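> Protein chains in written order, with the working numbering: chain A, 3 to 373; chain B, 3 to 373.
Honestly, the hints are just simulated from the structure, not real lab data.
Computed from a predicted structure; not experimentally measured.
Among the hints, erroneous ones may be present.
Repeated chains share a single entry, so a pair holds when one copy, or any two copies, can fit it.
[Unchecked claim] Calculated pairs, DMTMM-like style, for lysine to aspartate or glutamate (alpha carbon to alpha carbon, straight line, at most 25 Å): (1) Lys178 - Asp241; (2) Lys178 - Glu302; (3) Lys254 - Asp265; (4) Lys254 - Asp241; (5) Lys345 - Asp20; (6) Lys184 - Glu155; (7) Lys254 - Glu215.
2 protein chains.
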Amino acid sequence: MTPFGSFPERNIEGLARDAGVQCLEAAPCDPRRVDALYVGNFAGPSFTGRNHLAPWIASGLGLEGVPAMRVEAACASSGAAFYQAWAAVAGGVHDCALVIGVEQMSTATTEETGEILAAAGDVEREAVHGATFPALFGLIAQRYLHEHGLDRECLAAVAVKNHANGALNPRAHMRKPITREKALEARMIADPLGLYDCSLISDGAAAILIAAEPWTDNPVRVRGVGMASDRLALDQKPDITTFPAVRKAAEKAYAASGVSPTDVSFAELHDCFTVAELIAAEDLGFFSPGQAAPATLAGETALAGRLPINSSGGLKSKGHPVGATGVAQIAECFWQLRGEAGKRQVADPRIGLTQNLGGSGATAVVGVFSL
Amino acid sequence: MTPFGSFPERNIEGLARDAGVQCLEAAPCDPRRVDALYVGNFAGPSFTGRNHLAPWIASGLGLEGVPAMRVEAACASSGAAFYQAWAAVAGGVHDCALVIGVEQMSTATTEETGEILAAAGDVEREAVHGATFPALFGLIAQRYLHEHGLDRECLAAVAVKNHANGALNPRAHMRKPITREKALEARMIADPLGLYDCSLISDGAAAILIAAEPWTDNPVRVRGVGMASDRLALDQKPDITTFPAVRKAAEKAYAASGVSPTDVSFAELHDCFTVAELIAAEDLGFFSPGQAAPATLAGETALAGRLPINSSGGLKSKGHPVGATGVAQIAECFWQLRGEAGKRQVADPRIGLTQNLGGSGATAVVGVFSL
């Protein structure tokens with residue numbers, strides 16, 4: 003994984019190549035053994051004016067001639083790329099696939115970025131009326147707090163926790179612990195979401211190798227994967243405080259792995275906004291509806307808690323280069339399971355889970371991993 | 003397959019839905035039996051301002067909750083989507099996958115379209131210097147004619163043949179036979195490519211179902227598939243009159259199917275420009291280098307010839323809604339093999355081949371099909 007940050011002077015292929023080279027060197031894996039490349043990228047053409055990224059990245063890495071394609075599923079683009087690579091390797095079509103998630107966003111103005119991101123929602127029903135993603139998740143948060151009789155404290159608790167974790171992650175975009183007061187007093191973005199309830203606009207890339215046979219003495223195993231979809235627009239969902247796609251994807255991943263929510267030791271969840279982490283933790287069965295909030299306030303999901311969530315810092319503090327996020331979550335899982343997460347290492351990391359969300363819940367990818 | 007044409011008043015989801023509904027009805031297949039959706043689309047966000055197309059299309063078709071993702075590989079986007087769906091079904095991950103290729107291009111001005119398409123090439127080495135795709139294929143054609151001591155007659159022969167075929171295809175964008183004189187005398191676009199050497203800017207969609215088990219009494223079987231990549235820029239290729247990615251993809255597809263070039267009864271080739279059909283026919287082993295030209299002039303690849311190429315009219319006359327092309331090629335193959343191609347039916351259609359190209363040869367997907 004490259005550091006996440008703001009790198010407008012780089013180009014998108016270079017970012018992807020950096021992650022790919024690091025991954026191949028760490029494995030170690032001769033590029034000639036890789037037989038397919040899957041690139042997760044949401045909006046490279048809009049952000050960078052470059053399309054057809056996959057063969058560009060493949061040739062830069064010396065993966066001569068391999069099948070190379072880009073997979074897009076909004077913020078779950080590299081989760082979806084991982085899903086495809088896993089399907090091809092699990093099914094015996096490829097032996098060793100490289101998956102790279104990448105996005106470069108600093109090339110666009112804030113206004114352009116808002117418009118590019120809004121295209122991942124329902125443009126006719128939402129974006130044309132001015133509903134940006136902070137606005138959509140503001141509605142979700144408003145309803146979540148209302149339904150469960152909560153206030154903004156639980157959102158601030160997610161932000162404080164993830165900033166504390168991110169401060170320990172050398173690859174995080176914003177390595178800055180924040181206080182509860184700072185989170186609560188920050189300027190409002192989309193009520194009840196303040197500045198610190200929103201994830202970052204970042205550049206970066208992450209890469210993983212998926213192989214049919216163990217590659218090293220301590221490989222991380224893909225225990226189960228699930229992917230699901232839903233309608234784009236919030237007004238088409240009967241309840242906006244739960245994401246059916248996450249529930250379906252989790253159901254498949256749990257069934258495939260034989261793992262239940264109580265078996266999970268730690269998780270990387272898609273906290274594009276603080277409320278999304280709480281809802282994900284409930285949809286994944288870690289907590290019953292409304293209970294992720296008090297659990298977070300009580301420190302249960304902190305690094306030293308019983309179920310650490312977003313040890314990496316999450317999208318909130320590590321950063322959210324959209325197309326890179328799904329693979330970056332898996333990279334964190336990989337490091338945690340192998341005990342290589344340094345100062346943010348969780349205790350007794352037996353089973354890790356990743357959850358990658360696209361749009362306001364229209365795509366979800368869940369993975370379960372262990373040594 | 004929807005008719006290909008200019009439909010600026012439609013939206014991209016509606017086009018995709020039309021093809022999907024037709025496909026499900028023709029199978030027939032209850033949407034609830036479909037367990038994954040793969041959408042091939044090149045530049046929906048740039049052309050239409052809509053991204054995250056796959057769940058949008060899935061929910062419009064009633065494919066509730068299925069894994070849904072978009073695959074992009076320039077003009078081979080839906081060839082790549084087909085490749086992924088095939089890999090997932092062949093490997094046992096899915097039982098029945100719907101693949102839809104779609105593009106809407108009439109929403110953009112000619113200038114915008116040129117820029118959006120150019121992003122599929124090497125922007126730094128080519129597009130910034132003004133090298134649009136007609137310019138790149140103009141260089142290729144120039145070299146091809148020079149190497150083999152040919153003139154523009156062979157290019158015109160491809161155009162005349164494909165327009166004659168397209169005139170028989172009710173779904174073709176331009177159902178207009180042209181004469182050799184008309185092709186040769188048309189205004190020059192990028193020497194030696196005249197207006198009739200260039201494919202069309204079209205809107206449209208095509209859909210296929212891939213199932214693990216035979217669905218009907220006369221299913222079309224996927225005998226072999228191959229996909230490969232290459233560098234983006236022409237100046238990085240030692241010889242621009244051959245595409246190594248096509249050769250590699252064909253090698254894999256032939257090996258998997260046990261079919262050799264001489265076994266192929268008819269083929270749908272990626273004639274984004276007339277010269278591309280000639281080069282593809284050589285890279286696929288139908289003719290030795292330089293020999294596709296005289297064979298085409300002699301009528302060998304005509305509808306009544308020994309190896310009909312582009313019975314559909316090809317990208318040249320049927321149209322080229324970029325992301326729809328790969329699946330539309332397979333749809334033509336399906337109809338030909340089942341004897342359902344009407345006035346353009348080829349004689350004795352035992353084995354059909356499709357070849358989908360991305361950029362100036364950086365992606366290639368080849369499929370071999372039979373009853």
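> Each hint should be assessed against the structure and marked as holding or not.
Each hint, compared with the structure:
With identical chains, the CA atoms of lysine 178 and aspartate 241 are never at most 25 Å apart, being 35 Å at best within one copy and 53 Å at best between copies. Only within a single protomer do lysine 178 and glutamate 302 lie at most 25 Å apart by alpha-carbon distance; the minimum there is 21 Å, versus 70 Å between protomers. For the identical chains of this complex, lysine 254 and aspartate 265 are intra-copy neighbours only, at 15 Å inside a copy versus 43 Å across copies, given an alpha-carbon limit of 25 Å. Proximity of lysine 254 to aspartate 241 under the C-alpha cut-off of 25 Å is restricted to the intra-copy arrangement: shortest distance 21 Å within a copy versus 48 Å between copies.
Proximity of lysine 345 to aspartate 20 under the C-alpha cut-off of 25 Å is restricted to the intra-copy arrangement: shortest distance 24 Å within a copy versus 54 Å between copies. With identical chains, the CA atoms of lysine 184 and glutamate 155 are at most 25 Å apart within one copy only, with a shortest distance of 12 Å there and 74 Å across copies. Taking the shortest Cα distances, lysine 254 and glutamate 215 sit within 25 Å of each other both inside one copy (23 Å) and across copies (22 Å).
Against the hints set out earlier in the document, a violation occurs for number 1 only.
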